[in-house]
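Based on the provided sequences and hints, a complete structural model is requested.
Each chain, letter by letter, is given below.
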Amino acid sequence: MANKIQLTEDLFTPVTDNFKDAEKIARPSVSYWRDTWRRLKENKLAMFGLVLIIILAIMAIIGPYISGYSYFEQDFTRKNLRPNAEHWFGTDTSGRDLFTRAWYGARISLFIGLMAATIDFVIGIIYGGVSAIRGGRIDNFMMRLAEVLFSIPYLLMVILMMIVLERGIWPIIIAMTITGWIPMARLVRGQVLQLKELDYVHAANAMGAPTSWKLRKHMIPNTMGPILVNITLTVPTAIFAEATLSFLGLGIPAPQASWGTMASDSLSSILVGNFYQLAIPALLISITMFAFNVFGDGLRDALDPKLRN
Amino acid sequence: MLKFIVKRILWALVTIWAIISITFIIMHSIPGDPFAREGSMPEAVYQNLRSFYNLDEPLYVQYGLYLKQIAQFDFGPSLKSNTLTVNDYIANGFPVSLQLGAQALILAVCLGLILGVIAAVNRNKWPDYFAMVLAIIGISVPSFILATFLINFLAVEWRLFPVATWQTMKHTVLPTISLAMLPMAYIARLMRSSMLEVLNQDYMITAKSKGLNKGFILIKYGLRNAILPVVTVLGIITANLVTGSFIVEHIFGVPGIGELFVKGIFNRDYPVILGSTIFYSIILIFLILIVDIAYTWIDPRIKVTGESK
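Sequence order for the protein chains is A and B. FYI, in the UniProt record's numbering the residues of the first sequence are 1 to 309. FYI, in the UniProt record's numbering the residues of the second sequence are 1 to 309.
None of these hints come from the bench; they were simulated from the model. One or more of the hints may lead you astray.
Straight-line distance between alpha carbons at most 20 Å, and here's what the computed EDC-like set of lysine to aspartate or glutamate pairs gives [stated by the list, open to error]:
hint : chain 1 : residue 1 : chain 2 : residue 2
1    : A       : Lys44     : B       : Asp88
2    : B       : Lys125    : A       : Glu166
3    : A       : Lys217    : A       : Asp304
4    : A       : Lys41     : A       : Asp304
5    : A       : Lys217    : A       : Glu197
6    : A       : Lys217    : A       : Asp35
7    : A       : Lys217    : A       : Asp199
8    : A       : Lys44     : A       : Asp199
9    : B       : Lys263    : B       : Asp88
10   : A       : Lys24     : A       : Asp297
11   : B       : Lys263    : A       : Asp297
12   : B       : Lys7      : A       : Asp304
Structure (structure tokens):
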């Protein structure tokens with residue numbers, strides 16, 4: 001107790017404002033999603049894909065009303081017209097305006113793609129989630145069942161289902177989702193199993209966090225990335241499958257149009273020189289596939305910078 | 001190793017049984033009667049036909065008979081042909097499909113590997129961009145569109161190749177390209193990212209600093225390690241080729257199993273559809289089995305524990 005600390009009054013002054021700033025976080029906090037968005041914006045190809053998707057979606061909504069013709073109206077005095085001022089994309093063998101039909105087709109193709117992706121997502125997340133959380137014998141059984149179903153080639157299964165079902169938009173969606181959910185279920189299961197073992201989930205468990213908290217704060221944000229990528233890449237797969245079905249005559253019934261039926265209908269017209277009738281739906285399908293594929297790839301890179309090459 | 005193989009074979013048998021059962025259920029849930037379309041026929045004839053195809057038996061008896069039939073590799077008679085059975089059709093079509101599939105697979109693997117390696121080695125230079133643009137086109141353009149474009153330009157306009165049918169080697173060029181494009185694009189992308197990863201490995205730097213020949217390093221150390229992910233997806237790629245083949249065969253009028261399947265759909269010839277589906281599935285599962293076993297041979301680092309994830 002020899003050297004006693006001298007406590008004087010002036011040691012106890014209130015903290016100045018200057019001092020407070022040291023504790024302040026200078027930059028705005030960057031959340032996971034904002035960080036992803038920043039990386040995504042730098043990827044020009046992916047942004048190009050996103051812009052294309054937005055344009056396609058807008059045209060699918062307003063496109064059929066622009067030209068003033070309906071998608072089913074036939075006019076045999078004006079059939080097989082090449083693209084001109086009156087009919088921007090020309091007319092088909094029945095004299096229907098291809099501009100309207102193309103965007104009406106966009107509506108159906110995109111709707112099928114999005115619905116199939118959404119249903120795959122919902123079924124997949126439930127099936128995969130239950131399988132992972134239950135674990136053990138139930139997990140084993142559920143995954144084996146999925147594996148057997150998955151070993152049937154996707155397109156073959158879709159075609160088989162379409163033979164049984166009636167023709168129309170919803171039967172196509174059902175046929176696509178009947179085995180389409182499996183990749184999503186496997187993905188979700190893998191993600192949840194991985195997360196279950198991570199330290200912060202153990203910490204949350206140890207601190208007695210309720211399940212809803214764990215789901216909201218840990219599980220969902222951390223599995224959302226790969227799932228979102230999967231959804232983005234499911235859309236072009238579904239559009240491709242729809243086009244193929246329609247091409248085989250198992251798709252949308254006339255007079256409705258999808259890009260696949262338009263391509264299929266115009267197949268014979270290339271032999272008489274009306275190549276544009278095929279080129280329009282073909283280009284639109286390809287652009288859509290391209291847009292979703294590059295956007296999905298970009299999203300995957302942005303979500304997980306480790307993967308980027 | 002032996003235990004692993006036996007287990008895989010048993011699992012493949014279970015899968016094939018499941019596929020047969022699923023297709024059986026699907027075919028028997030089709031509303032209506034296969035003979036309803038044939039127009040009016042005497043009641044006795046109708047009953048005879050039904051009993052000839054065992055349609056008058058209860059469903060579980062039919063299922064048992066069908067399983068027994070398939071086990072003997074007998075797919076039954078075709079409904080539309082009086083003389084040919086489904087087996088005859090498959091025997092006629094399989095060599096053609098095999099040739100087309102093998103040509104496309106070889107083309108896809110060789111070109112895909114070369115493009116992928118070139119892209120990785122010249123990363124972010126024009127050969128890389130060229131290869132990746134080609135790959136994106138391959139993924140975005142569905143095979144039936146590519147096929148019709150090839151027919152329009154190379155066959156109809158420039159008359160370089162025959163439009164359709166399957167006679168000389170020249171006839172096989174366009175179908176092979178149409179079929180190979182998607183798997184080629186897939187392999188090229190996979191090979192590029194896998195090669196990029198390998199190029200950064202320490203042993204590559206060591207080899208370079210030892211002053212070894214650049215091409216030698218690339219083949220001996222680079223290719224051998226980078227090719228592994230490609231081997232894993234060969235099963236999926238073959239599945240792609242199989243489902244791609246019925247579109248391509250249909251467009252080019254190639255008399256293979258794909259065309260048989262499509263014709264079966266158009267004619268509602270159920271035994272043909274069932275037979276070709278099951279035949280396809282057996283081939284596919286067999287191929288995937290071989291790939292799985294080959295994979296453990298190629299990469300000795302993979303430990304076979306008998307428990308696949």
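- B:Lys263 and A:Asp297: Cα distance at most 20 Å? 37 Å, violated
- Item | Hinted pair B:Lys263 and B:Asp88, Cα distance within 20 Å | Answer holds: B:Lys263 to B:Asp88 is near 15 Å, not above 20 Å.
- Query: Given the proposed pairing of A:Lys44 with B:Asp88, does the C-alpha separation stay at or below 20 Å?
  - Reply: At roughly 54 Å apart (the allowed maximum being 20 Å), B:Asp88 and A:Lys44 break the hint.
- Item | Agreement of B:Lys125 and A:Glu166 with the hint, judged by alpha carbon distance not exceeding 20 Å | 51 Å, violated
- Task: Quickly compare the C-alpha distance for A:Lys217 and A:Glu197 to 20 Å and report which way the hint goes.
- Result: 16 Å, holds
- Do the alpha carbons of A:Lys217 and A:Asp199 lie within 20 Å of each other, as the hint requires? 14 Å, holds
- Message: Hint check: A:Lys217 vs A:Asp35, CA-CA at most 20 Å. Holds or violated?
- Response: 17 Å, holds
- Satisfaction of hint between A:Asp199 and A:Lys44, Cα-Cα up to 20 Å: Violated. A:Lys44 to A:Asp199 sits at ~36 Å, over the 20 Å cutoff.
- Is the Cα-Cα distance between B:Lys7 and A:Asp304 20 Å or less? 36 Å, violated
- Query: Do the alpha carbons of A:Lys217 and A:Asp304 lie within 20 Å of each other, as the hint requires?
  - Reply: Given pair A:Lys217, A:Asp304 holds - Cα atoms ~19 Å apart, limit 20 Å.
- Query: Is A:Lys41 close enough to A:Asp304, meaning Cα to Cα at most 20 Å?
  - Reply: 14 Å, holds
- Task: With a cut-off of 20 Å on the C-alpha distance, tell me whether A:Lys24 and A:Asp297 pass.
- Result: 37 Å, violated
Hint check: violations occur at hints 1, 2, 8, 10, 11 and 12; the rest are consistent with the structure.
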